[in-house]
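Trainee: So the protein lines, in turn, are chains A and B. Okay, so the first sequence: first residue is -15 according to the numbering used here, each after it adds one. Okay, so the second sequence: first residue is 2 according to the numbering used here, each after it adds one.
Treat the hints loosely; a few may be bogus.
Pulled a few chain B residues facing chain A out of the computed Cβ check, cut under 7 Å [stated by the list, open to error]: (1) G169; (2) L397; (3) L406.
Some but not every residue of chain A turned toward chain B, in silico, with C-beta under 10 Å [said to hold, decoys possible]: (4) G365; (5) Y367; (6) L382; (7) I387; (8) F400; (9) Y409; (10) V445; (11) K448; (12) W451; (13) I475; (14) H478.
Keep in mind that the hints were calculated from the coordinates and are not lab data. Here a beta-carbon is modelled for each residue, glycine too, at the ideal position from N, C-alpha and C.
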Amino acid sequence: MEVKDIFSYDWSYLLPEFIILGFATFLSLLDLFAGKRLGKQVIGWLSFLGTVIAAIFVIINMNALDKPYSYMIDMIRIDDYGNAFKLIFLAGTAFAILISLSYLKSGEVQHRGEYYYLLLTGLLGAMVMASSADLITLFVGLELLSLSSYVLVGLRKKSQLSNESAFKYVVSGSIATAVLLFGMSYVYGLTGTTHIYEISFRLAEAGMAGYQFLVYTAFAFLAVGLAFKISAAPNHMWAPDVYQGAPTPVTAFLAVVSKAAGFALIFRVMMISFFNVSDGTGSGRFFFEEGSLYLGLMAAASMIIGNTMALRQTNVKRMMAYSGIAQAGYLLVPFVPPTSLFFGEVIFYLFGYLLVSFGAFAVIMVVSREQETEDLKGFAGLYHRSPVMAIAMSIFLLSLAGIPITVGFFGKFYLFMGTLVVENYWLAAIMIITSVISYYYYFGIIRQMYMRSGTTEAPMVVPKGIWTFILIMAIATVFFGAFPGLVTDYIQIHFNPSFDFGNMLSPSSQ
Amino acid sequence: MGNILLSSLVFSPLLAILVMAFIPSRHAGVIKQVGIFGTLPALILAGWMFGMFNYETANLQFVEKHSWISIPIGMAQAGTVFAFEINYELGIDGISMPLILLTAIIGTLAAIASWQIKKRQKEYFILFHLLLIGMLGVFAADNLFLFFIFFELTLVPMYFLIGIWGYGEREQAANKFLLYNGIGSGIMLLAFIVIFVIMRTLNIDEITAILTTPGHPITEILTPEMRFGIFLVLFIAFAIKLPVFPFHTWMLRVHVQAPPSIVMIHSGILLKMGAYGLLRMGIGFFPEQAYDFSTWMAVLGIINILYGAVLAFVQKDLKMVLAYSSISHMGIVLLGFASMNTIGFQGAMFQVVSHGFISALLFFLIGVIWDRTQTSMLDDLGGLAKSMPFVSGVLLAGGMASLGLPGMSGFISEFFAFLGLFGRLPVMAAVGAIGIVLTAVYLLRAILKTTFGPTPGKCTGLADAQPMEVIPMVVLMGCIILIGVYPAVLGNPMQQALKTIVPIVTGIGG
């Protein structure tokens, strides 16, 4: 591969990243110099504008590129795979900004300017994670997202809970990073390269040359390290504390954007790197035989732990954290092993999860602030106080539980189908049983809203912006549940999902 | 395209929901009227279709088909995408037609019985109509995916209807209902998707045709063991709904805790969805496996009959007597299926319809009695015949129908079911027939205790049936007697459809 002059690349394909970077820089300067005179809402709206513009350029890239475009030997690689994830990140961040706009008025988070551009830098990290095919840039993206998240979690300076959770997040996050790096060092040691497409071949050679055990070790460390970001077992313990302590929009950001970024990373790294490694007998491929089985065990453990632990929670955000652990488990299911349905399943599920999570967290935010408690009991009698909130929340919860006609049902149906195509009955059975267990706690909130009486019957005041946002999310949840074909067709047409997972496997042009 | 009769029937309750959405909650009277009249379109359409129904043929009628969702799974050839198609398909045959009519009739009568609902009428009737859509859809669906969606659609409204409007321990009953039925539909979905993945279609008719054609290429993929596995999964799923011992405990709670109008629906229709699914999907798809399993079905049926009858005898609560009596009567359905011949199947389906009317009537009467005395304990009741002669008379007549007095629908069903079974498993049939005697014992005990004997203070001076209450009683009684004296009204439509199932069963099975 010839090394090119950096000016000879067509940089226009990186415009989405540049725009986010530009907005983050500009807004931080703006905050610094004009901060006192400027309403903080302005920075929020500007950062929202940034995500919208970036999304437009992602869509332009999607249409302009037939095959992947690569900068500096896949340091950054623009392909359909990355673009699909980027759209989810951008939408997620935009939603987080939207629900923050009214939330932060309360003065709970004092440094509001920082809040918005930290979201943008986190987003940038996620975008880099989705579109790089080199361990170095992947790691840079991961750390950019992580560092931004650490600060965001601790942004409620006066709240002891927030401080504690930020501290826990930093410590456990660093440990996970260390474990991940340790795994990467094995990979590098075995292959002498950080380019994951080359790793793919060299790791296979290393495996054939008698280093099979080291290859497995690398896989194990990478898997455990990456499990942290998606809050899957065995690295899920941070999630409840952090979700509880963080400001609610940040919790939603972590639940959706950060988790989706983790999935973008885990799949690209795991699958490509270990694609050609044989399973030791020489007959099968390691990743599709054993490797994915280990991921299946992670999935099963996450579903079981997440759903059973959620039963005992009385704090809504903690409950949602355990629910998120379970959802990470569901999302790992299509990896076991990847089929031609895999990419469509993941993107559809994440799309649905995006709508539902932000809707649910927005309701939680409104209710917990009004009631000044995050306890489940805060939802008591919500139906009588604000029917729209209660009905919308019920829709989100039904979707999380996977009941028709919601987007979550079709997402689960899709995952389910993928599992049964490869005859993974045990995993399908665990999915079903844990889903039914999950009914209990999701309906627990519904029970509070409709069947219990709260402390007051007075109508609840919900800011107009949030009200509209929640309503749109609820309608979308039902709409895409009734017509999931619109999304699957979009994925099919724009991301080339079935044949090489969003052009992930096809060679790139320089 | 073209024919939208069936869709209009299924979704006609939406009209009432829309109208009610715009009526303020305080106008309870208007809402109740809309709620009752809103069930009429479905009733009229169902009646009209029953009249138009061509029972000379076993084919599906009023068929509708639209493409809905397509899930791309890969390339068939260069350029063509190969996809799983999920269609919107409705169609009814001789088995589903009577059940749709049953649903429509009981739906209207239960709406009239809902006149007694005293709180949150608007929500009640909206949920009630949603439930109605689900039930009608279940019987009208000709597509497994659609069937499942309608099946689940009954779950959520029922949860609320039990949990909000039920008696003392309503929430526990609602939870138990949700968990048991959630598991049931979960494993049903598992079976459906396995079928889908293997056969690439969800159309019930096509699947039946493929599975029952000897030597079809599918046989290579679907080994007899797998067939038996799927059959067993389907059997358990529907056994929970039916309910078959030992999966029955949830149903007792629902019968005791839910409001009378909902128990009418539950016992009259929802349990029948289990029997319908068992015939259409269990036996219809896997006749050979069903034949092999039929002895066990008969054993389970006998357990249901005797267990239900013996426990009904010792109950102190009239509701519990009838709940156990329902379990006992559902055993007869199983016996009918176990006979594997036309007469037996006919008996089972007769029992399904007949028990629908009888149990709806009896639970309605319990509601009327409860309304006046606030109790359904046998020890607290007595001598009702003095002050409520009409109600007591209908109660006695309903009891007679239930225990199988000739001239009423119960007799025909039991007669056919046992006649069918005697042809195949005479010993089992003889044991099962003990149940008939026991039924007479427990029902007469309960009814005599209620209507005659010493009269406790609270049972004196009660008002007899009001006009609003007379309608359901007369209509239900009329249906029971009509089927009893003129069984062809039910037998004719079913005949052809059952005839197509039976030769397949006996043709293969021996």
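Trainee: Where does the structure disagree with the numbered hints, that is, which hint numbers, in rising order?
Mentor: Hints 1, 2, 3, 4, 10, 11, 12 and 14 contradicted; others consistent.
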